[in-house]
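Visitor: With these hints in hand, go ahead and build the complete structure from the sequences.
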Amino acid sequence: MDIPYTVQPRQDTGLYNAKVGIWLFLASEVMLFGALFSSYILLRVGAPEGFWPHGWLNVPIGTCNTLVLITSSITTVMAWASLKMNNFSKFKFYHAITLLCALTFVCIKSYEYHDKFVHYEIAMNDGRTFDGHMVENKLKAEGTTFTGYAMLSGHFVTDREELFDTVKHKPKHEETKIQGAEIRKLDNYGPWHNTYTAIYFTLTGLHALHVIGGALAIGFLWGPGSKMWKTDPERFTNRIEISGLFWHFVDLVWIFLFPVLYLL
Amino acid sequence: MSATAIETKPSSGHDHAHDEVAHHVKRYLFVFYALIFGTIITVLASYIPFGHHALNIGVALVIACAKGFLVAGYFMHLVSERKMIYGVLAFTAFFFVGLMALTLWAFADYPLHTITH
Numbered sequence: 001m002d003i004p005y006t007v008q009p010r011q012d013t014g015l016y017n018a019k020v021g022i023w024l025f026l027a028s029e030v031m032l033f034g035a036l037f038s039s040y041i042l043l044r045v046g047a048p049e050g051f052w053p054h055g056w057l058n059v060p061i062g063t064c065n066t067l068v069l070i071t072s073s074i075t076t077v078m079a080w081a082s083l084k085m086n087n088f089s090k091f092k093f094y095h096a097i098t099l100l101c102a103l104t105f106v107c108i109k110s111y112e113y114h115d116k117f118v119h120y121e122i123a124m125n126d127g128r129t130f131d132g133h134m135v136e137n138k139l140k141a142e143g144t145t146f147t148g149y150a151m152l153s154g155h156f157v158t159d160r161e162e163l164f165d166t167v168k169h170k171p172k173h174e175e176t177k178i179q180g181a182e183i184r185k186l187d188n189y190g191p192w193h194n195t196y197t198a199i200y201f202t203l204t205g206l207h208a209l210h211v212i213g214g215a216l217a218i219g220f221l222w223g224p225g226s227k228m229w230k231t232d233p234e235r236f237t238n239r240i241e242i243s244g245l246f247w248h249f250v251d252l253v254w255i256f257l258f259p260v261l262y263l264l
Numbered sequence: 001m002s003a004t005a006i007e008t009k010p011s012s013g014h015d016h017a018h019d020e021v022a023h024h025v026k027r028y029l030f031v032f033y034a035l036i037f038g039t040i041i042t043v044l045a046s047y048i049p050f051g052h053h054a055l056n057i058g059v060a061l062v063i064a065c066a067k068g069f070l071v072a073g074y075f076m077h078l079v080s081e082r083k084m085i086y087g088v089l090a091f092t093a094f095f096f097v098g099l100m101a102l103t104l105w106a107f108a109d110y111p112l113h114t115i116t117h
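Chains as they are written, first to last, in my numbering: chain E, 1 to 264; chain V, 1 to 117.
Treat the hints with caution; some may be incorrect.
As the list claims (entries may be wrong) - Computed beta-carbon distance windows for the label pairs:
(1) E/Lys185 to V/Pro49: 31 to 37 Å
(2) E/His173 to V/Gly73: 41 to 47 Å
(3) E/Asn86 to V/Met84: 26 to 32 Å
(4) E/Gln179 to V/Leu61: 46 to 52 Å
(5) V/Phe95 to E/Lys185: 30 to 36 Å
(6) E/Ser89 to V/Leu29: 16 to 22 Å
(7) V/Trp105 to E/Thr231: 53 to 59 Å
(8) V/Ala66 to E/Leu206: 22 to 28 Å
Since the hints were made in silico from the structure, they are not lab data.
Note that the Cβ used here is the ideal one computed from N, Cα and C, for glycine as well.
Guide: In structure tokens form, the structure reads like this:
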């Protein structure tokens, strides 16, 4: 049985069905990300003065990832335009770049996540705080105490407020050996660290899942799914348009995430 | 002429549709350059002290909105879509604005014994 309106537009909507479907889906996605942006605003405004992190993320890396996504957006639309102009090989070329961009984006994001997971804030028994990146971890947790030692690249903080504005208070990177017996509490910059990292990982993690999902769909249409071009080119072109609409939405979300999380 | 118009247009010759898409390609490239320019401006503007941090936030969001318009309007063809899509998005915009309005109203809703700055 043939699925109706995969190519021809319906009389009442003036659109083929998949296009109506993707826009309804994107509308729900706007509300999903909208709710998380709203949470971000509430957390940020509710944070005490001077205790909302500034400069915790690497701006050049974030800018690079933004440019990667913008590039993937143009190649996506060019891939669709190539099919409209009956140029299948150009479609393959452009979408190969889209997939490479998606892979690059995920790799860069993973690197950023890794940087946060090896970054530790350590509360010492003498009341001081050490902040830095783990170089060598030989610590063993025994209940609430630690044995062994850890080598970290960082510095002791005199005022904990310094940690929140690393633009104003440039962190030093000195290799320091910390004995487990001196540690009262140890916590890395994962989602559990504070409300900023929680919302950062939630927003960017959800976005990254969208990137991966979109890349899988585009990858299928670029690979095995592209056989449809020979049998039903118009329907295949529409599939590319639909996957493209999703991809542009993912780009759109990042356009707002980047300044909100990295710059402000 | 929109991308939707290209796909639904009665066949008036393959070459004509080809030319039309080729014309759109130039527009896509222009949008691409504008998005790159917008990204650079966003980063540079974040380093300029406008006097109040709220102004920096405002500037960054205005640039982000302009970039968002370019992506949604031209890459997603929203500048010339069918009425039905606009209808769906009007509902979305209504609820999104409502969500943000609720967020703003919540600012005045401090819990008891909270010290405000």
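Visitor: Now look at each hint and say whether the structure bears it out.
Guide: Comparing the hints with the structure gives:
1. E/Lys185 to V/Pro49: 31 to 37 Å: holds (36 Å)
2. E/His173 to V/Gly73: 41 to 47 Å: holds (45 Å)
3. E/Asn86 to V/Met84: 26 to 32 Å: holds (28 Å)
4. E/Gln179 to V/Leu61: 46 to 52 Å: holds (47 Å)
5. V/Phe95 to E/Lys185: 30 to 36 Å: violated (42 Å)
6. E/Ser89 to V/Leu29: 16 to 22 Å: For V/Leu29 against E/Ser89, whose Cβ atoms are near 20 Å apart, the range 16 to 22 Å holds.
7. V/Trp105 to E/Thr231: 53 to 59 Å: holds (55 Å)
8. V/Ala66 to E/Leu206: 22 to 28 Å: holds (24 Å)
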